[in-house]
Amino acid sequence: MKRVYQLVSLVLLFVLTQKSYALACKKDGTQSNSMITINTSIAVPNALPKDTVLWRSDNYSVSITCWQDQMAGTEFVYFYLSPRDPSLTQLGPDLELGINLNGADLRCTQLERCRVRLPIQFNGCTLVWGPCTFDAQTFTLGFNFFLSKRSPPSAGKEGSLTTVSSYPAFQLDGVGGINSKPGSNFYMTLAGLNQLRYIACASTLSISPKTIDFGAIPTATAQTDKVIKEVPFSISATKSCNSAYGLNAVLKPAAAMAEDGYTLVPNDNPSVGIRLLKQQDHSALPFNKEFNLVAYSSDQVTVNNLLAELKWRTGKPTLGKFNAAATIDVFYK
Numbered sequence: 477m478k479r480v481y482q483l484v485s486l487v488l489l490f491v492l493t494q495k496s497y498a499l500a501c502k503k504d505g506t507q508s509n510s511m512i513t514i515n516t517s518i519a520v521p522n523a524l525p526k527d528t529v530l531w532r533s534d535n536y537s538v539s540i541t542c543w544q545d546q547m548a549g550t551e552f553v554y555f556y557l558s559p560r561d562p563s564l565t566q567l568g569p570d571l572e573l574g575i576n577l578n579g580a581d582l583r584c585t586q587l588e589r590c591r592v593r594l595p596i597q598f599n600g601c602t603l604v605w606g607p608c609t610f611d612a613q614t615f616t617l618g619f620n621f622f623l624s625k626r627s628p629p630s631a632g633k634e635g636s637l638t639t640v641s642s643y644p645a646f647q648l649d650g651v652g653g654i655n656s657k658p659g660s661n662f663y664m665t666l667a668g669l670n671q672l673r674y675i676a677c678a679s680t681l682s683i684s685p686k687t688i689d690f691g692a693i694p695t696a697t698a699q700t701d702k703v704i705k706e707v708p709f710s711i712s713a714t715k716s717c718n719s720a721y722g723l724n725a726v727l728k729p730a731a732a733m734a735e736d737g738y739t740l741v742p743n744d745n746p747s748v749g750i751r752l753l754k755q756q757d758h759s760a761l762p763f764n765k766e767f768n769l770v771a772y773s774s775d776q777v778t779v780n781n782l783l784a785e786l787k788w789r790t791g792k793p794t795l796g797k798f799n800a801a802a803t804i805d806v807f808y809k
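Residue numbers (our numbering): 477 to 809.
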């Protein structure tokens, strides 16, 4: 009878363990947490529509190592958003945290169970006492954070958007949910959310001229890096109130690539490059990187005088037309 009881106990132990799914994931194989801090103030007009991106972090790339930390079956690695806030109430009604993963913006409110399955699969751990570290997998995770407006346009709100200063943004784990073992899985916290505040009005941007025509360009004197022509233009910001705030911006290439981070190279003719310069000091505006467009002030009209500088990239250019464009994303601060 005693032997039968022991055998039944072992079978039950096996069955219970087999249904327990858990992964351990660490940054650089050892680190279980990290923090990023918003170190600038962010102004938010009441009139902005729902899902407007209010702030976006730099791009990050981290090395992650995961393994099954107990006896388990086949499972994938999952990217869990807002892992400590399943009801999405901690940030209040006006603010939502999102993650850009593999080029796509993701929000909890748009995802089933607030998670994304990554293409990292484990075929099962058969060790009764685990962990199966010999089957560990290392991969690179690329992402950036963004904060968006969760509420529709409204009037009369001023002051902070949230009372929370720091917030766990994501955690890596298995299909069964958040690992119950403290410190087993890498998670990242975003701090400084109390830097976001409501302001009374928004700014309207205007660009003059909207299209810059460099005209006909003779090729006989083409020489690499030689400036061909500079054409002036301006970006103006106008607001209807005297709220004090500034504007940051990000320029993104369209029908072109951004060489060296500052030069716009047309896709249809790479013989030339275009830089956007401040008239005052000829410093170049970056592409794909946030920069200050309007300094913090209560001024209702601000004008930025700029130059579009055309340069040769080769001494043997290709004849024909070229077209390039850039979009501008604006962030209040």
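Everything labelled a hint here was simulated from the structure, so no lab data went into it.
Just to be clear, a hint being listed does not mean it is correct.
Unchecked claim - With beta-carbon atoms standing in for the labels, derived distance ranges:
#, residue 1, residue 2, range
1, Arg589, Asp534, 26 to 32 Å
2, Arg560, Glu706, 49 to 55 Å
3, Thr616, Leu681, 33 to 39 Å
4, Asp504, Trp605, 32 to 38 Å
Where is the CB? At the ideal position from N, CA and C, for every residue including glycine.
Evaluated hints:
1. Checked against the hint of 26 to 32 Å, the pair Arg589 and Asp534 passes, with Cβ atoms roughly 28 Å apart.
2. Take Arg560 and Glu706: their Cβ atoms lie about 53 Å apart, and the range 49 to 55 Å holds.
3. Look at Thr616 against Leu681: about 37 Å separates their beta carbons, and that is inside 33 to 39 Å.
4. Against the hinted window of 32 to 38 Å, the Cβ-Cβ separation of Asp504 and Trp605 comes to about 26 Å, which falls outside the hint.
Of the hints listed earlier, the one the structure fails to meet is number 4.
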